[in-house]
Amino acid sequence: MDDKKKIPLNADEQALTEQETQAVEAAKEDAVAGADEAPAPKAKTGKAKKAAEPAGETADAPAEKAAKESEAAGDTQTEAEKKTYKAEKLPPKPPKSKEQLDWEAARREKFNHTVWQPILRPIVVLVVICLVTSLLLGLTNMVTEPIIAANTEAEANAARQALLPEADSFTELDLSQEYTNVSDIYAADNGAGWVVDASGKGYGGDVPVMVAFSPDGAIAGVTFLQNNETPGLGKKLETDKSFRAQFTGLPAEPISMGSIDKIASSTISTGAAVSAINAAIEAFNTEVQGASSGAMTPEEVRAYLLPGATLQAIVVPAGAEGVQPTAWRDDATGDIIAYGEAQGVHSTVVAAVAVDPDGAILNLWLDTSGETEGFGAPVQSDTAFIESFIGLTDPQQADNVAGGTLTSNAVKEAVANVLAVAPQLADAPADPAGGTENTGGDSSTSGTQTEGFPGGISSSAYVPYPGEGDTPLAGLSVAEVGEALLPGETLSRIIVGGPAGTSQHWVSDAGNYLIYGNAEGIGGHVAVAVAFDEDGAIVGILPDVSSETPDIGGLVPDDADFMDAFIGETDTEGIEPVAGATVTSEGIIDAVDNAVRAFSEVKNMPISGEVLR
Amino acid sequence: MNKKKVSNLKVFTNGFLKENPVLRLVLGTCPTLAVTTVLFNGIGMGIAATFVLICSNVVISALRKVIPSQVRLPCFIVVIASFVTLVQMLIKAYVPALNESLGVFLPLITVNCIILGRAEMFASKNTVGASALDGLGMGLGFTIVITLMSFVRELLGSGTLTLMPGNDALTFQILPEAVAPMSILALPPGGFFVFGVFMAIAYFIERRRGKDPEKEACAGCPSAAGCAAKGACETNGA
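Protein chains in written order, with our numbering: chain A, 3 to 615; chain B, 6 to 243.
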């Protein structure tokens with residue numbers, strides 16, 4: 003018998019001597035074997051007979067064994083008990099032949115090698131290790147969990163305390179809706195202010211921030227918690243005091259990227275920080291400020307949609323489906339505000355839409371407050387969704403809000419209802435009951451007017467980008483741009499509007515082309531006037547970076563290497579953005595790219611418009 | 006079982022250069038590249054990993070006769086992961102300041118393949134005492150290398166040396182602000198550059214000491230102890 007691989011069956015047996023163990027185990031096996039082989043009912047007698055046969059061969063052996071067994075039985079109490087137990091089951095102890103013992107040993111050996119070692123033992127050991135470690139972890143967790151929770155709470159409280167030193171303790175507010183980027187709002191119990199926990203998507207995950215507001219509604223302080231931004235670049239958010247300090251004292255209004263000093267070369271992290279702070283401001287305005295001033299009045303909604311307009315109430319023609327009977331028109335510009343309606347999931351969704359005379363959406367205000375909490379209801383405050391409508395003439399091209407698809411569709415239907423009736427509103431009769439109103443102000447003050455608005459929309463009214471329509475590019479009219487890029491040539495307009503991402507399309511009498519491309523920069527649209535020769539090679543570019551950061555993106559047009567890289571090219575492949583002003587230079591590259599793509603489309607079109615010079 | 010009895014001192018010093026886990030065994034490359042951007046990270050990760058390495062080596066060595074070879078890897082991982090979790094919970098509860106400093110590195114240690122590598126190569130074949138020494142030696146070797154790497158990367162990449170983030174008194178501006186640091190060294194590619202240079206230096210020193218893997222085959226190979234194809238190189242070389 004292989005001692006090392008012996009299966010420890012129980013403690014008692016290990017106490018026995020080798021020989022005795024064999025005997026006991028043999029007896030056990032015998033019982034099993036007996037049950038299998040011999041006719042079951044007369045097992046005892048059967049065994050007795052069996053025992054008698056081999057007894058002839060080795061006459062002394064059984065006697066010796068029996069003697070030893072009785073000796074062993076007398077040794078200890080437990081062994082005696084055991085023997086008694088066994089004696090009841092299998093008396094008298096059957097003597098074993100050598101073959102039998104060998105066979106039994108081989109059987110155990112076989113079990114050991116085929117089942118226990120390769121299959122059962124690994125399972126048992128792994129399960130035992132897992133159970134023991136789980137138990138240990140569970141016990142440790144039981145002990146440490148409350149302490150950890152208390153630590154975390156104390157830490158967060160200390161951080162809030164550091165932001166608002168006058169506060170004594172904090173209470174968490176119940177939020178009226180779920181915010182994507184705001185987790186909690188805490189109010190100081192002694193009225194010293196509020197602290198909002200928010201986060202923004204950065205380069206390496208969320209950038210968490212705590213924003214404190216003083217009782218007068220201004221930002222009292224900002225703290226960046228630990229983030230996973232690139233060390234040495236975006237991670238400086240955590241430690242850069244001057245960056246943090248510039249937010250202190252700002253009113254609770256959306257902050258634009260252009261108005262703050264960014265951390266150099268960390269545009270994405272800074273953007274995450276600003277969007278987190280803006281989310282905090284929005285939630286603060288909705289939850290704290292909005293709670294006192296209530297929802298926006300209809301006048302405020304119209305002022306938000308078309309700031310600085312003189313509105314005349316007009317009657318919506320009968321038969322216009324899904325549009326409220328009263329609309330508003332600015333007779334000076336021809337812009338219209340009408341209220342569309344459509345059935346959402348639970349309620350009627352209302353969309354107030356400002357439309358220009360060409361049927362393009364200028365601005366949008368939504369009321370989806372009757373929709374499912376956490377799904378459709380937040381649609382009205384989803385700035386990205388609302389902004390995706392602006393400039394469209396077909397609302398179906400707008401985005402959808404994830405989780406609020408049905409509500410988003412209802413919004414689109416409501417907007418479509420307005421757009422369907424908009425052409426008729428251009429000369430609809432004035433509504434004598436409605437009168438006129440002046441929405442006052444201009445776009446620069448619209449921010450304050452959105453305060454308390456339930457959706458908390460932070461976008462201001464649509465501003466045309468440089469080069470769009472009659473808007474000058476880099477302060478120059480088309481004629482002046484043409485003089486700069488294609489001196490002495492006479493320009494003729496090809497089309498108005500044109501392919502996406504471009505605004506002006508002109509051809510010169512010398513066979514050269516001038517196309518304005520535009521793309522997203524860091525603070526808005528970057529527009530570039532691109533002059534092509536007849537083969538589509540770029541002969542000159544003139545960017546407008548007025549929306550960009552003056553000392554960073556604003557300097558890109560002065561970078562001769564970057565600017566010269568475009569000349570002579572027929573595409574923008576391989577042009578490297580300017581280091582430290584990546585977003586702006588990529589905006590310029592994209593804008594040129596749009597112009598390049600429009601070139602092939604525009605090239606074969608006939609001249610259709612005015613002629614300059 | 007080891008055929009040759011290796012002296013305890015040798016076991017301890019092996020990790021410094023001859024079998025340095027990062028530079029010679031090329032284990033634990035991921036944390037080495039990822040965290041060595043700031044000096045403090047290098048030190049913190051090194052100490053945390055050394056601690057877990059010693060403890061897991063001891064536990065696995067003690068269990069080496071119980072664990073069947075078929076399931077040794079799951080067993081090692083379970084032991085290591087629970088150990089890391091346990092330590093993390095205790096640190097969080099009783100030394101929160103340390104957790105704040107080491108926070109990111111602690112869970113990362115579970116997947117640090119130095120620990121699994123040493124469990125497989127050494128602890129599962131040697132006594133508890135020797136395994137503890139091996140853990141200490143390897144851990145120190147790891148700590149020294151990543152501390153030096155983060156020293157170089159932070160100094161040249163950011164121009165600073167940070168002994169405690171957020172504490173101005175322990176953050177030193179070494180290069181003058183006017184000197185633009187080589188930011189690329191703080192970024193992932195810089196990690197590879199510095200790592201390559203360090204490996205080359207370690208190889209150079211070992212070769213000077215007559216331990217050239219190319220010439221000496223298994224005798225000069227740092228991975229010989231745990232190599233499944235031990236001896237194959239010798240035959241190929243001859």
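Because the hints were derived from the structure by calculation, they are not lab data.
Glycine residues also receive a C-beta, built at the ideal position from the N, C-alpha and C atoms.
One or more hints might be untrue.
[Claimed, not checked] Pulled a few chain A residues facing chain B out of the computed Cβ check, cut under 8 Å:
| no. | residue |
| --- | --- |
| 1 | R123 |
| 2 | L138 |
| 3 | L139 |
| 4 | N143 |
| 5 | M144 |
| 6 | I149 |
| 7 | I150 |
| 8 | S216 |
| 9 | P233 |
| 10 | G234 |
| 11 | S258 |
| 12 | S261 |
| 13 | N514 |
| 14 | F564 |
| 15 | M565 |
[Claimed, not checked] Per label pair, the in silico range of CB-to-CB distance:
| no. | chain 1 | residue 1 | chain 2 | residue 2 | range |
| --- | --- | --- | --- | --- | --- |
| 16 | A | T350 | B | A39 | 22 to 32 Å |
| 17 | B | V202 | A | S479 | 34 to 44 Å |
| 18 | B | F177 | A | Q248 | 48 to 58 Å |
| 19 | B | I189 | A | Q119 | 51 to 61 Å |
| 20 | A | P148 | B | E125 | 50 to 60 Å |
| 21 | A | E522 | B | Y208 | 43 to 53 Å |
| 22 | A | E147 | B | F177 | 13 to 23 Å |
| 23 | B | C35 | A | D360 | 35 to 45 Å |
| 24 | B | P181 | A | T241 | 34 to 44 Å |
| 25 | A | V130 | B | F177 | 32 to 42 Å |
| 26 | A | P474 | B | F177 | 44 to 54 Å |
Hints, verified against the model:
1. R123: Cβ of R123 (chain A) sits 5 Å from chain B, so the hint holds.
2. L138: 7 Å, holds
3. L139: This interface hint holds because 6 Å falls under the 8 Å limit.
4. N143: N143 (chain A) check passes; min Cβ-Cβ to chain B is 6 Å, inside 8 Å.
5. M144: For M144 (chain A), the interface hint is violated, since the closest Cβ of chain B sits about 10 Å away, which is over 8 Å.
6. I149: Since the shortest Cβ distance to chain B is 4 Å, the answer is holds.
7. I150: OK, holds: I150 (chain A) within 8 Å of chain B, min 5 Å.
8. S216: Hint on S216 (chain A): violated, closest Cβ of chain B at ~25 Å, above 8 Å.
9. P233: Holds, about 4 Å.
10. G234: 4 Å, holds
11. S258: Because about 27 Å separates S258 (chain A) from the closest Cβ in chain B, which is outside the 8 Å limit, the hint is violated.
12. S261: Not OK, violated: S261 (chain A) not within 8 Å of chain B, min 25 Å.
13. N514: 42 Å, violated
14. F564: Given a least distance of 19 Å, the restraint on F564 (chain A) is violated.
15. M565: Result: violated, 23 Å to nearest chain B Cβ.
16. A:T350 to B:A39: 22 to 32 Å: Violated - the Cβ-Cβ distance for T350 (chain A) and A39 (chain B), about 53 Å, lies outside 22 to 32 Å.
17. B:V202 to A:S479: 34 to 44 Å: The hint (34 to 44 Å, Cβ to Cβ) is violated, given that V202 (chain B) and S479 (chain A) are roughly 58 Å apart.
18. B:F177 to A:Q248: 48 to 58 Å: 26 Å, violated
19. B:I189 to A:Q119: 51 to 61 Å: Since the Cβ atoms of I189 (chain B) and Q119 (chain A) sit about 55 Å apart, the hinted range of 51 to 61 Å holds.
20. A:P148 to B:E125: 50 to 60 Å: 38 Å, violated
21. A:E522 to B:Y208: 43 to 53 Å: For E522 (chain A) and Y208 (chain B) the Cβ distance comes to about 49 Å; the hint holds.
22. A:E147 to B:F177: 13 to 23 Å: With a Cβ separation near 39 Å, E147 (chain A) and F177 (chain B) fall outside 13 to 23 Å, so the hint is violated.
23. B:C35 to A:D360: 35 to 45 Å: 56 Å, violated
24. B:P181 to A:T241: 34 to 44 Å: This hint is violated: roughly 19 Å between Cβ atoms.
25. A:V130 to B:F177: 32 to 42 Å: At 51 Å between Cβs, range violated.
26. A:P474 to B:F177: 44 to 54 Å: Check passed, 51 Å falls within 44 to 54 Å.
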